[in-house]
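Here is how the chains run, residue by residue.
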Amino acid sequence: MLLPVNTKCECGHQNAVGTVLCESCGKPIEKQLLDSNEPLEMRYDGVARRSQKANPDFLDKIWNFFSSVKIAIYLIIITFLGAMLGTIFPQASTFISANFNPSVYYAEQYGLPGQIYYFLGLHKTFSSWWFITLLVMIGTSLVICSIDRVLPLYRALNKQQIRKHHSFLKRQKATYSGQLTEEANVWTVQYGEALKKKGYKIHIDESGTALLAEKNRFSRWGPYINHIGLILFLLAVLARGIPGWNVDQYVSVTDGDTAPIAGTNYYVKSEGFSMELYNNEELPEELKDSGRVKTFKTDVVLYECTANCDDDFLQPELTEVKQHTILVNDPLRYKELKLHQFDFNLTPRINAVSPMIVNKETGESYGPFHLTMVNPELHYEVGPYTLELIDKYMDFSVNSDGEPITISSSPNAPAFIFNIKGPNLAATGEVYMYFPLEKDKVRFSQDTINRELANKIGINVEGMENVDYSAATTYLNVRIDKAVKFLWIGAVFSMLGLIMGTYWQHRRIWLRIDDKQLTLGAHTNKNWFGLRADAAYALKRCGIELDPKSLDNGGHKG
Amino acid sequence: MGKNRKKVQVIVLLLAFLIGGYAIFQTFTDDNNGTIKEGHAVPDFRLANLQGEPVSLQDYKGTPLVINFWGTFCEPCIREMPSFERQYTKWKEKGVEIVAINLSEDTLTVSNYVKKLGVTYTVLRDVDRKTEKRYGLRSYPTTFFVNSDGTLSSVFVGEMLEAQINEHIEDMIGG
Amino acid sequence: MNWLDFSSSSFIAAFFLYVISFIFYMVAVAGKKWANRVPKEHEARWSKRAFVISTLGLLAHLSFFFTRWIGSGQIPTSNMYEFITLLGMTIMIAYTIIHFIYKKPLLGMFALPLTIIIIAYASVFPQEVQPLIPALQSNWLKIHVTMAAAGEAFFAVGFAAGLMYLLRVIDYKDTTKKGKRAQRWLEFTLISIFVIIGFIVAAFAFKGAGYVAEFQQETVSVSQVGELTTSYEVVEYTMPPIFKPYNSETLQVTKFLGMNDGLFETPSWFNGVNSGRKLNTVVWSIIVGLILYGIIRLIVRKPLGAAIHPMLDGIDPDDLDEISYRSIVIGFPIFTLGGLIFAMIWAEIAWGRFWGWDPKEVWALITWLYYSAYLHFRLSRGWHGKPSAWLAVIGFVIVLFTLVGVNLLIAGMHSYAGVD
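Residue numbers (the working numbering), protein chains in the order written: chain A, 1 to 558; chain B, 559 to 733; chain C, 734 to 1153.
Honestly, the hints are just simulated from the structure, not real lab data.
Each hint should be verified, as a subset may be incorrect.
Taking lysine-lysine and the DSS-like style, the derived pairs with C-alpha atoms no more than 25 Å apart in a straight line are [claimed, not checked]:
| id | chain 1 | residue 1 | chain 2 | residue 2 |
| --- | --- | --- | --- | --- |
| 1 | A | Lys70 | B | Lys688 |
| 2 | C | Lys910 | A | Lys198 |
| 3 | A | Lys294 | A | Lys269 |
| 4 | B | Lys673 | A | Lys421 |
| 5 | A | Lys335 | B | Lys564 |
| 6 | B | Lys595 | B | Lys673 |
| 7 | A | Lys70 | C | Lys940 |
| 8 | A | Lys198 | C | Lys837 |
| 9 | A | Lys294 | C | Lys1093 |
| 10 | A | Lys288 | C | Lys940 |
| 11 | A | Lys27 | A | Lys197 |
| 12 | B | Lys564 | A | Lys269 |
| 13 | A | Lys197 | C | Lys910 |
| 14 | A | Lys456 | A | Lys360 |
| 15 | B | Lys595 | A | Lys124 |
| 16 | A | Lys61 | B | Lys691 |
| 17 | C | Lys1119 | A | Lys549 |
| 18 | C | Lys1093 | C | Lys910 |
| 19 | C | Lys910 | C | Lys940 |
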């Protein structure tokens, strides 16, 4: 706009270009606005929002785009529609097995819709580039929307004039005009006192015939504090992407074992997993015998490595730092590390046996000797016998060529091959194959393998006390999350701002008395119902009784 | 805001662009978690050989190195070991070293197998599966071909034929 | 009489009091035109009685809640039945609060049936006290669930006021395309409510008659590594099988209207062992709902919306708009705090991660985003009135999907115990 515009108001105040309502007295500046009778647009009290410039350059255009509430609403809508898509089929992140193959799973489990889902990348909706882009745009919008609005608002509310122009007052969304019989100054003070009882701050100008009553201005800042909280929250979410700030992995520990926690200097030992089911008296009819879990927990000891930590040749030295019983709602917490109870497996694992060696010819038995599944001793002296361990298999089986092999590294079918020297045995020793587990003795026909030696020697475990086994394996979720505290701070700000902005409303009532003519106008950002009630209450206390509804001038539209 | 308006706009939009850009960029690179990328340094190790002596990755600095992870319970691992032995003999004068890291089994089991197979290259024993986890192993066997500067030349998952081992070693020395 | 028995009796008492209250509201409105009455007085008198009865009902409902808590030793918020009855209770609390602010008794005419339908729906699910699984053994159960229900209750009252606004304002004499479209959508909304009532009626009727049908279903499932495994499961139906499970063998079917086997087979692409039963239930709900709707439509001989429209004549639509908006505004921070923030804190403690994009979490976020869009819409001129009312109605549909749809249709960590 090249033509100069007159922005000096009749009250004498010089306004900035773009001002809608005079900053001083509130009179509409533009002639068209002045002549109309529509309720006034009270955004920023009509102060010029200098961001609405005449010739936006490129930077301005981007700024204005993000500053628009309409755009923000579109972003929110697209985001939640996108989120809906992410709930149709289970997301890839819910499968923690290392063998999960998404390119096969969705097509096989769900057919064509699953195939399309995978093809569009929807199995990773929430870590997809478009979803993150939406969140980034919402974050940017939050920042720019707020900056753009909070400063004009602050300026507008900071210097408010008490005596407003008639058209300003009459075109508020709640208004009243009438004649007074009392003395103007007295009436004004009386009105002020009445509103004081409702918690308003009263300002009366020097003439004593104009009044501004204001309440709860702080609630206007609510939305901005909320937005700051949300921005902090989003930044914290983002910060979890920084390497090392977010560790989320699983460690499985069998009873009695000490397992290293990968990527850290910590080790965790399971002193035992235990699970309790509800017994039938505690369960209603249809759940009896359903095996409903009551509690499951692991007693653990946390160690920190203090020496030789990267050295697997020398054993790392561990120092105990914490003991805890981990329950689902009670993780172990140590510094920034948390261990949560995630899952469990009740498959027992045999750790060691303490068998007796029996001389079948004399009937005498000797021992017991201690035989571990992992790294056993190679040499045993038991009574008159000497046992040399010459080979072992953790999970014994026979391959297609008839050769003995092990099919896994877990002691599912342990087998030990000894060279035994002793009474009535060859001087160089005789080879004996021993299966500690009964089922394997039968399955692999131990006696047949050992031929005549089986008639001379027996190796037997007597009683379960001589079997050392772990009853269960516990799965713990390892979590380090350095960003989470900022998250909570953001959430607190957000809630504070929400509460400030919704449960209190900013109310202002202006009035002026000219020659016994009272003109009153009132404004609030929400809840006109309550504002009208306040204005009417004070009027009643000053002798003017009316239905609050009658003050309405378009304020019912919000 | 006034005169500072331009400054504020630039700062805010720049920050949004940088931080947002970083976040979006991450969605493209998060796909392979834990696996070592070619050209990157391979993780350190210090493990015991079958004589009980310590051997570490640093000992092989300046030498092209083949690291083969194997277990006695893994049939394809056992099947491919003779191929590795033959390749070791072929490439020994060129300075190529081969190291076979066993997947945390007992010394007895491992030395019996090594004796049976007649393997002459160095065999090391991993402890508590720590090295295999550091190397991001998902299945067995997996073989890493490491340049003399300690960076990864290539990785092969699964059983290797002798011709394939040969090809990868050639690439390793050449590259 | 022990606590749990007293609790059940309180619940029944509450239900009947709510029904009586609803009848009184109807009398207040319909009876305005009866002979020998001053309409305004009649309406005011009966509304007051209705409100007193509904408050008594609320007291009975609270008694149900607290005596069940004492009797079972745990807060009654852990399975579907308990949660939905809690929601009914919080809706009545929210309604009572809104009533005290705005003193518009006719809101009760819609809030009451909403509550009644909700607690009737809850009653379909197993009612026995089920001991808490380890994940739920935490104080956060008390805080998160009750607050989320409180927030959603206000959204429900906003929905009721929004629906009333639409019934009040949509002009059935309007024959333009736009007008007709509005009428049809409103009617569709009312029919949907009937389908829910249809579900409740069908569930109780067939269960009450002891109906049973059993099928053995053969399913082939895919493991995470792509392996295929075949399993056999017995599926039990409590409604006549219009759609029997896919790939199943009939074990036993109680005869109904000449039907002694499944009429149709559930299509193969329906996933999950209970999907056939769920489809069957949905189809029955639609059938019974449409029948009920049809009967009422035959009686009043015009669209249901048109029939209800004159009852709302005495209400200022702007008041309804304000009540709808205000309810949602009050509920939003409560829902944010209870449904999202406390949920995140509890998830962090129990599962080690404050957010996992679990379907239930995502839908709670969707609900939150939706209502924040609603609040931002209201900042614009022109979005008050009808658009706002429609948004309030749709919003509650999203809330219901979050509470019920996710549990029934989508699996996840959050699935409630005791879902049929």
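**Message:** Holds or violated: Lys27(A) and Lys197(A), Cα atoms, limit 25 Å.
**Reply:** Roughly 30 Å separates the two Cα atoms, so the pair is violated.
**Message:** Hint check: Lys1119(C) vs Lys549(A), CA-CA at most 25 Å. Holds or violated?
**Reply:** 22 Å, holds
**Asked** CA of Lys673(B) to CA of Lys421(A), is that 25 Å or under?
**Response** Distance of about 24 Å is within 25 Å: holds.
**Request:** Decide if the proposed pair is consistent with the structure: Lys288(A) and Lys940(C), CA atoms, cutoff 25 Å inclusive.
**Result:** 21 Å, holds
**Request:** Below or equal to 25 Å on CA atoms is what counts here, so check Lys910(C) against Lys940(C).
**Result:** 44 Å, violated
**Asked** Given the hint that Lys294(A) pairs with Lys269(A), does the C-alpha gap stay at or below 25 Å?
**Response** Given pair Lys294(A), Lys269(A) holds - Cα atoms ~24 Å apart, limit 25 Å.
**Asked** When you check the alpha-carbon spacing of Lys70(A) and Lys688(B), does it fall within 25 Å?
**Response** Distance ~54 Å between Lys70(A) and Lys688(B) Cα, so the pair is violated.
**Message:** Check whether the Cα positions of Lys1093(C) and Lys910(C) lie no farther apart than 25 Å.
**Reply:** Judged against 25 Å, a Cα distance of about 38 Å means the pair is violated.
**Message:** Hint check: Lys910(C) vs Lys198(A), CA-CA at most 25 Å. Holds or violated?
**Reply:** 50 Å, violated
**Asked** Going straight from one Cα to the other, do Lys197(A) and Lys910(C) come out at no more than 25 Å?
**Response** Cα-Cα ~53 Å, so violated.
**Message:** For a C-alpha distance cap of 25 Å, please report whether Lys595(B) and Lys673(B) respect it.
**Reply:** 34 Å, violated
**Asked** Given the hint that Lys335(A) pairs with Lys564(B), does the C-alpha gap stay at or below 25 Å?
**Response** This hinted pair is violated, its Cα atoms lying about 44 Å apart.
In this structure, the earlier hints numbered 1, 2, 5, 6, 7, 11, 12, 13, 16, 18, 19 are contradicted, and the remaining ones agree with it.
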